[in-house]
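Taking the hints into account, I'd like the entire structure generated from these sequences.
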Amino acid sequence: MTTTEKPDLSWLDDVTMTELERHPYRTYERLRAEAPLAYVPVLGSYVASTAEVCREVATSPDFEGVITPAGGRTFGHPAIIGVNGDVHADLRSMVEPALQPVEVDRWIDDLVRPIARRYLEQFENDGRAELVAQYCEPVSVRSLGDLLGLQSVDSDKLREWFAKLNRSFTNAAMTEDGEFANPEGFREGDEAKAEIRAIVDPLIDKWIEEPDDSAISHWLHDGMPPGQTRDREYIYPTIYVYLLGAMQEPGHGMASTLVGLFSRPEQLEQVVDDPVLIPRAISEGMRWTSPIWSATARISTKDVTIAGVDVPAGTPVMLSYGSANHDTGVYEAPSTYDLHRPPLPHLAFGAGSHACAGIYFANHVMRIAMEELFEAIPNLERDTGEGVEFWGWGFRGPTSLHVTWEV
Amino acid sequence: MGFAVTVGGRRVECAPDQSLLDACLRAGLWMPNSCNQGTCGTCKLQVVGGEVDHRDSPFDTLTTEERAAGMALACQARPVSDVEVGGSGDRTTHPLRDLTATVLEVADIARDTRRVLLGLAEPLAFSAGQYVEFVVPGSGARRQYSLANTADEDKVLELHVRRVPGGVATDGWLFDGLAVGDEVVATGPLGDFHLLPESDDDGGPMVLIGGGTGLAPLVGIARTALARHPAREVLLYHGVRGTADLYDGDRFAELAEEHPNFRFVPVLSDEPAAEHRSGFPTDAFVEDVPSARGWSGWLCGPPAMVEAGVKAFKRRRMAPRHIHREKFTSTARSSRPPTRWADPDL
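Those sequence lines, one after another, are chains A and B.
The first sequence lines up with residues 36 to 442 when you count with the working numbering.
The second sequence lines up with residues 57 to 402 when you count with the working numbering.
It is worth saying that the hints were derived from the structure and are not from the lab.
Glycine included, every Cβ here is placed at the ideal spot set by N, Cα and C.
Careful: at least some of the hints might be erroneous.
Here are the simulated lysine to any residue pairs, SDA-like style, with alpha carbons at most 20 Å apart [to be verified]: (1) K100(B) / T120(B); (2) K100(B) / H375(A); (3) K100(B) / D308(A); (4) K367(B) / K241(A); (5) K337(A) / R153(A); (6) K367(B) / K192(A); (7) K100(B) / I165(B); (8) K367(B) / V442(A); (9) K192(A) / D236(A); (10) K241(A) / H256(A); (11) K367(B) / E416(A); (12) K100(B) / K367(B); (13) K367(B) / E159(A); (14) K100(B) / E410(A); (15) K192(A) / D181(A); (16) K241(A) / Y269(A); (17) K192(A) / R153(A); (18) K367(B) / R417(A).
Anything over 12 Å on all C-beta distances counts as not near chain A; from chain B, calculated [claimed, not checked]: (19) D109; (20) V136; (21) H285; (22) R307; (23) E313; (24) N317; (25) E363; (26) V366.
Okay, structure coming up:
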């Protein structure tokens, strides 16, 4: 005699990381339909997949921030995305001043536009380009790199770092015993961190003695008593958060938006003709392929019931924002890019006290980069001889985007 | 009684049945506008406080969601309370006003094409390229015609009018009863199809493409641009069906003599002639100009020509923000006039 019908989720046993990294939408579409909060064995974690449940968990007073196991293994403690209480408040107070809209408005144009122009000048007369590697990623990392004070680190190195940290952070497969299924997968992240330390430590040494207006210098000094700085071990995990997500995702967002627009040539033309539409195009791009697809989590602080599932205290739940943004309960034909869909809120920047601190900055980096791209190359076309492949479960975007134009 | 409209701290009075846009423009307060018939969306704004009646705002231009979010088309909306709308309110414009003019000259200058000169009682402040809206006597219909003048030609307005068989304003008036000495009533100036202020005009190269009497505003714009920078590169294409449609050839030849970098290029689409280019003017531009980077482009003519022009300009990599066009399209549902340059009064 059964009193409640529980969906048969045995199909989840066959889900692999490779499948999730290539085609996460298949699995998550089924999760949204059958079990919006479900335990996914390969991840060793509960997963929230609908807009409603993601938002509920992200903003619930009965949950707090936690870093995913692979994320914690990669970044160490205390990373801003995985801490709570006073430490979280201190880290937010450390990063937020530079990211306030009035502050960002003061310098964003002078920072990003020359960078965008510089990269465009390298290929705008070639008639062809691979925009992810030649434009979206370089503009993203150079803009943030210069803001952080990493002018001396070249863009290719910053791109290499985020890629290595990404693969380490999302090396999420777990064994049945709760061990990392692929411990080797953390090695390249460890190598990247060693290299980062070798380069950034001397800069920190300098900033301790000679503060400047770079973000990391401010992180060391702001709010500290005279003569004291925050300990570098305390801020490194948050530096890694920046060197991965904040470096990578504006590039992902731009590239996804462009792929989306290429799927709707008439909408691309509207946006090229009227740059005022660029922010809306980006917002839809962020919904359509959310760069932070499934990289953040919460943990319950007491026994709660979510989406009909009893969740004991201390249970981590992964927030699949990329899935939530394809929720058919909210969006009509969610897998279609549509500039003109009703501008409903999306979860690409998360929700609750751990919502992205860099929303304003990132949106403007993407906006300025796309303004300059369409200004220089208004006749941009996708190179239909090359495919476009999206990759990633934790972080997602096109791996390349080949374009051509008449010169 | 009317209501007050507040924009960025500036307050203007809006009479009953007066649109927000009309009230602001008459007060010399600029707000974005182009077609003034609800079809282009240029004048869309946010109503921050108070209520408006959307009147004939088409749902294609102002969606249900936008209405719910407090957006309005300034050229259609009438306040039903005091309202505050978004915008800085810090840009002035030539005030919109009612005009009375006397017909000074009516001349047949090409096939089904007339030049009408109107003497104004008071000089009109406007920018070259703007237009004026006329009331057709007897019918109450309103028709919009671009001015071919430069801003200092402010006492005699020059219009180019193409006849539309059976048209209320053309067959019924401008090509029929109109006589020297007649008085006409209009409002103006209107529209955003004009050059940047002289202080912001760097003298960069320009291409202008006019279809039929879409040439009119380009005549004013090109002459203004050349007066500012006599040596600037200006390419003016006139797209017509055949030689019978061409006019003002002498005028452009004279301009070319004074300005070595000005070129006038007629292009005939239907009735080729040995001495002129054949085809479409937008294709002629693509053939003539390998790169339009750093250029500005000006398009006035039938919608299909304007769209082809935008594509041609972008193909030659003109930055889209330097592409200017009359966003004036005919609308079947509107009781207001369709276009002033293509099929002005069906």
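Tested hints:
Straight-line distance between C-alpha atoms of K100(B) and T120(B) comes to about 14 Å, which keeps the hinted pair within the 20 Å bound. Taking the CA atoms of K100(B) and H375(A), the gap is near 16 Å; set against the 20 Å cutoff, the hint holds. About 17 Å separates the Cα atoms of K100(B) and D308(A), which keeps this hinted pair within 20 Å; it holds. A distance of roughly 53 Å separates the Cα atoms of K367(B) and K241(A); the hinted pair therefore is violated under the 20 Å criterion.
For the proposed pair K337(A) and R153(A), the alpha carbon gap of about 52 Å is over 20 Å, so the pair is violated. With a CA separation close to 39 Å, the supplied pair K367(B) and K192(A) exceeds the 20 Å bound. The straight-line distance between the Cα atoms of K100(B) and I165(B) is roughly 39 Å, outside the 20 Å bound, and the hint therefore fails. Taken as a hint, the K367(B) and V442(A) pair is honoured in the structure, with Cα atoms around 14 Å apart against an allowance of 20 Å.
Only pairs whose Cα atoms come within 20 Å are accepted, and K192(A) paired with D236(A) is accepted, the gap being roughly 16 Å. Among the hinted pairs, K241(A) with H256(A) is consistent with the structure: their alpha-carbon atoms are about 12 Å apart, no more than 20 Å. Distance check on the hinted pair: K367(B) and E416(A) sit about 13 Å apart at the alpha-carbon level, within 20 Å; holds. Taking the CA atoms of K100(B) and K367(B), the gap is near 25 Å; set against the 20 Å cutoff, the hint is violated.
In summary, the hint linking K367(B) to E159(A) is supported, as the alpha carbons are separated by about 19 Å, within the 20 Å threshold. At most 20 Å may separate the alpha-carbon atoms for a hinted pair to count; K100(B) and E410(A) exceed this at roughly 24 Å. Restraint check for K192(A) and D181(A): the C-alpha separation of about 13 Å stays at or below 20 Å, so the hint holds. For a cut-off of 20 Å, the pair hint linking K241(A) to Y269(A) stands: about 17 Å separates their Cα positions.
With a C-alpha separation of about 18 Å, the suggested pair K192(A) and R153(A) falls inside the 20 Å cut-off, and the hint holds. Distance hint between K367(B) and R417(A) is fulfilled; the C-alpha atoms sit about 16 Å from each other, no more than 20 Å. With a cut of 12 Å on Cβ distances, D109(B) stays outside the contact zone with chain A, its closest approach being about 24 Å. For V136(B), the requirement that its beta carbon stay farther than 12 Å from each beta carbon of chain A is met, with the minimum near 26 Å.
The non-interface label for H285(B) is consistent with chain A: the shortest C-beta to C-beta separation is roughly 23 Å, beyond 12 Å. Under the 12 Å C-beta cut-off, the non-interface status given to R307(B) relative to chain A holds; the minimum distance is some 32 Å. Even its closest Cβ contact with chain A, about 35 Å, leaves E313(B) beyond 12 Å, as expected for a residue assigned away from the interface. No Cβ of chain A approaches the Cβ of N317(B) within 12 Å, the least distance being about 24 Å, so the stated non-interface status holds.
E363(B), annotated as away from the interface, has a beta carbon of chain A within 12 Å; the closest lies near 10 Å. Not every Cβ of chain A is farther than 12 Å from the Cβ of V366(B); the closest lies at roughly 6 Å, contradicting the non-interface assignment.
Of the hints listed earlier, those the structure fails to meet are numbers 4, 5, 6, 7, 12, 14, 25, 26, in rising order.
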